[in-house]
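This is what each chain is made of:
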Amino acid sequence: MTPKRKRLWLLVGSLCVLGAAAALVLSALSDNIVFFYSPSQLAEKHLPPDRRFRLGGLVEEGSVRKEAGEVRFRVTDLQRSLEVVYRGILPDLFREGQGVIAEGTLGPDGVFTAREVLAKHDEKYMPPEVAKALKESGRWQEGSGK
Amino acid sequence: MLPELGHFALILALAVALVQATLPLVGAARGDIRLMALGRTAALTQAFLIVLSFAALMQAYVTSDFSVATVVANSHSAKPLLYKISGVWGNHEGSMMLWVLILALFGAAVALFGETLPDGLRARVLAFQAWIGVGFLAFILFTSNPFLRLSPAPLDGNGMNPLLQDPGLAFHPPLLYLGYVGFSVTYAFALAALLEGRVDAAWARWVRPWTLAAWCFLTLGIALGSWWSYYILGWGGFWFWDPVENASLMPWLAGTALLHSAIVVEKRDALKSWTVLLAILAFSLSLLGTFLVRSGVLTSVHAFAQDPARGMFILGFLLAVTGGALALYAWRAPSLQGGGLFQPISREGGLILNNLLLCTLCATVLLGTLYPLFLDLVSGAKVSVGPPFFNATFVPISFALFAALCVGPYLGWKRAELWPALVKLRTAFAVSVIAMILAAVLIDRRATLAAVAFGFGVWLILGSLYELADRVKLGRVSWSETKRRLRATPRASFGMTISHAALGVVVLGAVGTAAWNAELIRTFRIGDRADFAGWQVTLAKVVPVRGPNYEAERAEIVVTLDGKPYTVLTPERRLFLVQRREVAETSIHSNLLRDLYATLGEGDVQKGWTVRLYYNPLAPWIWLGAALCALGGFVSLSDRRLRVGAPKRSRVIVQAAE
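Same order as they appear, the protein sequences are chains L and D. Residues 4 to 149 (the working numbering) are what the first sequence spells out, left to right. Residues 24 to 681 (the working numbering) are what the second sequence spells out, left to right.
These are calculated hints, taken from the structure and not from any lab test. The C-beta atom is built at its ideal place from N, Cα and C for all residues, glycine as well. Misleading hints may appear alongside valid ones.
Here are the simulated DSS-like pairs of lysine-lysine, each with C-alpha atoms no more than 30 Å apart in a straight line [claimed, not checked]:
1. D:Lys564 <-> D:Lys587
2. L:Lys69 <-> D:Lys630
3. L:Lys48 <-> L:Lys135
4. L:Lys69 <-> D:Lys564
5. D:Lys587 <-> D:Lys630
6. D:Lys437 <-> D:Lys496
Which chain L residues stay away from chain D? Per the calculated CB distances, all over 12 Å, these [unchecked claim]:
7. Pro51
8. Gly65
9. Asp112
With these hints in hand, go ahead and build the complete structure from the sequences.
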């Protein structure tokens, strides 16, 4: 093989690897990105059932009920709210009136079944999506404490 | 008084760093020995001043000096001493102090151990290091001064985030930063080489120990962070593909690629500009990681409260560091003379494949991590990219890497044959396939991917050990001859074998924990029993306990095996008194082959307590393997060639046109 030929093969080999990787990435991206909605945004969309997404907002004051192995609470963006049910242990920083993100699916009864409730390490932290959704609903200002 | 001294020392350090960043460069350009030697003195002075400043800050924390604002915000007099010390870097200001401290210590190390470097190269390396120092010192002094005073001083502090009051997390940031900042040395070497216009085998030998040291610390730092999230977050998982975790994985992948490509530069005098590019990228990715963690642009389970202004500064700095380096690269790289062409089937061909795959992995992680930001900017849609994406992309590409990994070391330099290498590995291959089939049939018939990964884990361990056995001709020559060969084997080869096999150990641990685990969440009243993964578990009692700065309820969960007592798990729920925050403390029973893991949720006597139990087979191997991986790096670091090599330029290389 001439050097030119060799270089060509090396290039073809590299492109094959990169191409395969790109194909993997693109197919994985289209299947696996999870959208974020606030309760108000959700009301405007009509999502197919079993579609996994993230729901974010504040945990409504006085809405948390703990039953056997199950927690029910409402997530609100201060305009609309949505009932959430979660089986399992809530993160340590889960509190009423604080920001929360839950990942799961919306059932036909309009109740959101969370598979995961995101924890935070710091109580001053507000997830950026939640902050933005609350600002859009016009009921929350940066630095208002919550 | 001491905090003011610390503040003053920090300002002086900035002035010294400015001198170190400029004059040695001028000296190197003019060939002025005295100006070049200034770099060494300045680096040592700068390190001394920053150590002084850091010590002053630490003193304020240890003695609980509540006239200092950051101490008030992050410490409390009732905290145990270890957490008073780790509290120094458990917050934004302090962690930036730790960053510049390590940066200055690395600079001093280059000045001290760089005796064999040519004057010009050393002066330039120290100058580029100092530029990074200038950026971060200015950042601290102008936006995040840890020495600000409060008047009047409060009686006590606000305490530290309880999740961070943990021995694992006390040492996680220093190790991680040793890794991140270690790559700054490699970065400085790359820029100096670009400026000089020459990269050769000697350069590669000088750079290698620094890359290797940074890589080892980064490996340990990542492992410690993963271990911490495993036992403190109570989810039973070890890796969540969270942006903050990905931020530390990307420099590790780029650093691993760099370690391997530097070998090609050293042995074959090729892949030069690629290696320089990798050195720039590894440090840029470290800075990107810092930016992602500190700016809060991405939602992360590990996110802390942030300040957007600080994020903007780091972003600007990141652009300057990366953009400046890439501009210099674009200008100077064409002057680096490339080596010859390769045979695809050769050691260097194998190392190129390694680099290709590692960089693809790194790009995949980068894409998955930044895609939400990108989509938000373009369309405003808020999305997250989670584990399914990474499992679908990262896993298959790493399989390709694992498959090639054992074959590479068998290939000779320049020109090799693939078939003889494969023949030598036939036993390892056969055993791996058998292990794979057994795993698929015996453990879990549905988890095909897990069985394949298990087979690859076995393949990595056996293949690496086979290579060593082959090298010393184990069993084919007399034992004394084998011992002689073992002694003659360079430490770097041992390091390679250990690290490669350790990767297999990590893979086995990850497969066991992720695919073959069992989980039980249910509500237990006192005396309730349940069957779990072959054991019987009973909640015996829940008792109140008191710690130094918390009150807790501790559950006693009795585990029996066939009626015989096996162990007692004692998970706790701690209420930290200063912050009024509850934190779950997991209880793990480990026998190095599997973990039995329990966390305690909320509850009371009437309703019972929510308890989460995990059975994680092979889980300890993840961190054991990671530690072994770093050990392999340290063994390689102790190689004679790197230690006393006093590498002189091996041949005269025509200097590129200035």
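Consistency of the hints with the structure:
| no. | hint | in the structure |
| --- | --- | --- |
| 1 | D:Lys564 <-> D:Lys587 | 19 Å, holds |
| 2 | L:Lys69 <-> D:Lys630 | 10 Å, holds |
| 3 | L:Lys48 <-> L:Lys135 | 18 Å, holds |
| 4 | L:Lys69 <-> D:Lys564 | 21 Å, holds |
| 5 | D:Lys587 <-> D:Lys630 | 29 Å, holds |
| 6 | D:Lys437 <-> D:Lys496 | 23 Å, holds |
| 7 | Pro51 | 17 Å, holds |
| 8 | Gly65 | 17 Å, holds |
| 9 | Asp112 | 23 Å, holds |
Every hint, counting from the list given before, is met by this structure.
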